[in-house]
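Asks: Using the hints, put the two chains back together into the complex; each one sits in its own frame.
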Amino acid sequence: MKPHTLAVFVENKAGVLSRVTGLFSRRGFNIESLAVGTCEEPGTSRITIVVIGDDEKVEQVMKQLNKLIDVIKVTDLTENERVERELALIKVNAEPGAGRAEIMQIAQIFRAQIVDVGAKSLILQVTGDTGKIDALEKLLRQFGVKELVRTGRIGILRGSKTIASTK
Amino acid sequence: MKTGAKILVESLQREGVDILFGYPGGVVLPIYDELYNSTLKHLLMRHEQAAAHAADGYARASGKVGVCLATSGPGACNLVTGIATAYMDSVPVVAITGQVPTSLLGNDAFQESDITGITMPVTKHNYLLKDCRDVARVVKEAFFIAGTGRPGPVLIDIPKDVSTGIVEKVEYPETVNLRGYNPTYKGHKRQIDKAIEMIAAAERPVIYAGGGVISSNASAELLGLANVLTIPVTTTLMGIGCIPGDHPLNLGMLGMHGTEYANFAITESDLLLAIGVRFDDRVTGKAEKFAPNAKIIHIDIDPAEIGKNKRVDVPIVGDTKSVIKDMLASIKKTGAKDSWIKRIKHWKQHHPLKYKKDGRLRPQFIIQQMSELLKGDAIIVSEVGQNQMWTAQWYNFKNPRTWITSGGLGTMGYGFPAAIGAHFARPDLPVFDVAGDGSIQMNIQEMGTVAANNIPVKIAILNNMYLGMVRQWQELFYDRRYSFTELPPVEFVKIANAYGIEGIKVESCDDVLPALRAALDCNGPFVMDFRIEREENVFPMVPAGAAINEMIGGHEPT
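Chains as they are written, first to last, in the working numbering: chain A, 1 to 167; chain B, 1 to 558.
Careful: at least some of the hints might be erroneous.
Stated by the list, open to error - Cβ-Cβ distance ranges computed for the label pairs, FRET-style:
id : chain 1 : residue 1 : chain 2 : residue 2 : range
1  : B       : His-247   : A       : Gly-43    : 48 to 56 Å
2  : A       : Thr-78    : B       : Leu-328   : 37 to 45 Å
3  : A       : Arg-27    : B       : Gly-26    : 33 to 41 Å
4  : B       : Lys-332   : A       : Glu-40    : 47 to 55 Å
Stated by the list, open to error - Restricting the straight-line Cα-Cα distance to at most 20 Å, the calculated cross-link-like pairs of lysine to any residue (SDA-like) are:
id : chain 1 : residue 1 : chain 2 : residue 2
5  : A       : Lys-73    : B       : Arg-179
6  : A       : Lys-67    : B       : Ala-304
7  : B       : Lys-345   : B       : Lys-310
8  : A       : Lys-73    : B       : Gly-149
9  : B       : Lys-308   : A       : Thr-75
10 : A       : Lys-73    : B       : Val-176
11 : A       : Lys-91    : A       : Ala-135
12 : A       : Lys-57    : B       : Asp-313
13 : A       : Lys-73    : B       : Gly-180
14 : B       : Lys-295   : B       : Phe-144
15 : A       : Lys-63    : B       : Lys-310
Simulated from the structure, these hints should not be mistaken for lab results.
By construction, the Cβ of each residue, glycine as well, lies at the ideal position given by its N, Cα and C atoms.
Bound-form chain B, shown alone (with noise of 0.2 Å):
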């Protein structure tokens, strides 16, 4: 004889739940009490959406599914732009939010919101529990859900008196049985062939992998296919770390932000080789100016992005590391393309990312030194803007899952939560968030629960007192109006040393390995407060709309 909230918490741990990020609130006590039982660890987060974010962290910087909490009504919508953030870049999360009971639903009792309409826009699945003897079965299944084919977040939203309810005799699943669910893992055999054969033949071939990539694991299949074919690999936002920074044959990222020689490459590839990836409109820039002249290869495990803002030669539906794989046992290496392997080289020394060394304090040169120090031993998590680009541009990635950041949602406020949830993931590594003073301010009431747990978080603030794509934004297409994007300035260290944090203000470039040095030294959370040249943009840049060759801050290729 068990309550509902017993057999959720239950079926949490036969999961490998290891930690919850939550917030408790009237409807969830039932489960918070079961809780106090357990041997579940739960973090209190100070916000909702930053449990969301925190569980997403974790989610990826582990390869786990994360888990978060919240009450019904203002706590479930809190959850919503975590969520949708997960939900855009295919993170497995679980959310469990409370209900009101199953007599009050649709009552606007007070606290109730529907939860499950709510999110079905931007969850993978999600239930409304309304019978206890359901409880185990739902948790097994959104789990399976969530962590499988395309990962994405999954809730379950528990009323009442769902969680008070009394099953007699409970079963916990093996299993789960989904008629309508079977993602395909194989790739085709046929097309595989195909798509090697086109491989052979290309003369200047591109691999642009991205976030599939990592989330499959396949880091190491897809280095060993470059490597044996000798294929330059640009990566997407998302796909940072599948590949060293300094390996030879990376071209870095492409598409707005991209390296100018990862965006001449693909606009002269005849073969482009699209492993996990979307083609979104940040990478693509203008569509039909993406790869014009390129056959294209696509392998995806979700059959909706194949062909779905680009014509696609050859699809191949399957797990990136399957497919990979099954590649890489038919595969003859083949020689470098010598004239595209040296055009590339030439690219790479002739338009590097650069920024003007002028002793003044600029972000470039704080992430470069960043890099320098952690040698791509830590995770770095970025808030988004600015801050986010200057580190997917400038920092050294040596591994998948070192680098998180909210790619599809864009969400401002992310990083310091999530770079919560991926301590607990990867406790071994030190953990940096790399913020801008705008979104740093979106969550920071989080410094609550980094201080009152000693969590190790080091916080980077870029701070140009601007939020600052923004502004770069109005200083190039609105002729320097910069209506509304202007911050006062914010004293970030007394923020810290009001909720028990340490931190330092750091205004020339001497000071930056110290400071550095100084939040790897300490033990717990620091915050530096980094007061950057004011008018720093993000270059080169693809204008909205433009082909992705057409770079502001770029060159003709020579």
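In isolation and in its complexed conformation, chain A is listed as follows (with noise of 0.2 Å):
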């Protein structure tokens, strides 16, 4: 059992999330995250799925997935070498202080950008892998996090390499 992450190309008509999404509960596969967005190519999406399931089990959902009319393509960018990301913005409670001064400077370190400052907040944008966010945002519940939200990973094959071109 390992998190694996689809890239998976499809056709950009009203509907087609659902269609992926339905199949994963329906077949009792767990969407660990999910991304979805326009890509390099006009009427088509995106869709960064992050799955754990043990190899056999993740080979069949790419084959299910492959049966949906809309789906183009689908490319499991696990065994590959890859940039992955995602984004949080986080809202800390931030008291003007020794305290505010603390999260800058861990911000600061994490290269976080801090995107709004409140009489009594501070809104914390990061991008990088699930593993800095998740260090960040253990650091910052010290200060107490009053909202947190993050986009689902995405992830793109390195060099010249595209999921066009895997086979």
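Replies: Structure (structure tokens):
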């Protein structure tokens, strides 16, 4: 059982996301993370899905995804060199004083940006792999995290290789 | 200048549709009004579920795409069981539903239901049309998707304003362009060569053939392969008819209610050639103990079926007909593996299907009589349960597409409406629906349809006043606690008569053949109410979760 990052290249049509996620739920697969957006080709979208399971189960889910008429291509990025990122916005308690300075220091170390300053709070924006965001979140917990939102993971192959060129 | 409804009807005609099974309602009135003008035949059913089953029965008997039509909301919802039935058995059906106008979509309008959402898990694909300019393209795509690759049902939901909308210039597409849909028909050459090598090296090979052989019309090729290689063939419930029942290499059905010799052969085989099958749990029993010593070659058009339930040594993705043809082209005739064929003959002789012959009216006898009378020249449809298994075991099927049954979903109430559809596909053949007293009551209202249209479907009810198969499980696994499986006696002949249909009640063995003859001789529909031995069971039986050679009512292989 390990996380697999799947890149699912789909027609950008109404209901496609629900076809894809519905397939996961009714076959008993748990989606760990999901991110959707348009991509380089007009009229298409790319869904990045992180799913945890053994290789056989993941192979089955990929085959089932491929059967959907609106799915153009499914690639498992897991065995390839890739860049993975997600973005998080974290609203943290920050009373003026020492605490606030400490948060700003942590933000700097994590290369997080402060995108909003309130009287009693700060909003941090951070990008990175899941581990980095988890670590930052853990550190900020001591100050009190009021709200936290993450985009879900996206992934892309390193070098000139694309999902279109993978078999 | 044409309305969406007109374009729909013309598109259906362009797809070669000759009959629709349907039921009108508010938002499909524009479509029904257009049908009123057209030469397309429409059969008014008494329930939408029956319309879906009729379209499915038509598709299975003809090999063409079946079409059903219903209104929005309750009408569309009533199609769902029929659509799910077709999905589980890979049957090409196009279901057309009306929908509330696009302006009301999502408003919980009167008779609104999100039918594309509801049917997403049980359709191969579905469409919610929002623009009348898309009607022709979507119909073209729907028929293409339903009928190609691994066949399956496709639903088109048409809001009322789309069917009344006006299109200035209509273009009917000749081809479809779907980037994400490219079924593989041709099997991989190297894999086929590898399979041929393995077959040649095998000592105890068995072919395990299923519905995929029938849906790709590959029966002749399969028979050719079996004959050239002298390999015994066992079929799944869905594969019955792809090899003649009395062919010396035929082992009959395998699995839960399979023959002892089929299950023995699978268990002892060293090579399993699985063709157009999906290793269903009703077939394999405990999957690890299914063909435990065999190398497995699996041919299927759906790559997702390969390796799903059982690890496979040589996967071949492709259309079964095309793959078997390619195999036949490069395969050498091999002599019979004498000892294996002898062993199988021995099993067939010593472990035949059997039932008690004590003069009491038993269902197996009725099916045997039916088989002798009809000689394979008929379409036999079944309901679900004991009636289905007795028919699968005791009727001698000669040809593909003459056995029509709900295998995957096991839908009670399927048989009678499917038989109506089958009649329109093959009006040249008599159509018999073998039913139980439980199943027939699930769509008994279709007696109205057959009576009104004089559709000569013959209904043979194996009446034991029980939900027989459930009672059998209760007898064997629940200490004979018959919880809610007893049905009060019903005079089916009187019900038939009330609809204006002829019928006959049969209570003794001597009256079976005359009743079947009377049914056959009658020009219209006919009901036979066979009062069978009440607690007769279907044997052999593999208990759920056991290995298939561990059969109740079976023996150790000798």
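Asks: Decide, hint by hint, whether the structure agrees.
Replies: Each hint tested on the structure:
1. B:His-247 / A:Gly-43: 48 to 56 Å: holds (53 Å)
2. A:Thr-78 / B:Leu-328: 37 to 45 Å: holds (41 Å)
3. A:Arg-27 / B:Gly-26: 33 to 41 Å: holds (36 Å)
4. B:Lys-332 / A:Glu-40: 47 to 55 Å: About 52 Å separates the Cβ atoms of Lys-332 of chain B and Glu-40 of chain A, which means 47 to 55 Å holds.
5. A:Lys-73 / B:Arg-179: holds (9 Å)
6. A:Lys-67 / B:Ala-304: Holds. Lys-67 of chain A to Ala-304 of chain B sits at ~8 Å (cutoff 20 Å).
7. B:Lys-345 / B:Lys-310: violated (28 Å)
8. A:Lys-73 / B:Gly-149: holds (17 Å)
9. B:Lys-308 / A:Thr-75: holds (19 Å)
10. A:Lys-73 / B:Val-176: Between Lys-73 of chain A and Val-176 of chain B the Cα gap is close to 19 Å, so the pair holds against 20 Å.
11. A:Lys-91 / A:Ala-135: Holds, at about 15 Å.
12. A:Lys-57 / B:Asp-313: Between Lys-57 of chain A and Asp-313 of chain B the Cα gap is close to 18 Å, so the pair holds against 20 Å.
13. A:Lys-73 / B:Gly-180: OK: Lys-73 of chain A and Gly-180 of chain B at ~7 Å, within 20 Å.
14. B:Lys-295 / B:Phe-144: It is violated: about 36 Å lies between the C-alpha atoms, which goes past 20 Å.
15. A:Lys-63 / B:Lys-310: Holds: Lys-63 of chain A and Lys-310 of chain B sit about 15 Å apart, inside 20 Å.
When each numbered hint is compared with the structure, violations occur for hints 7 and 14.
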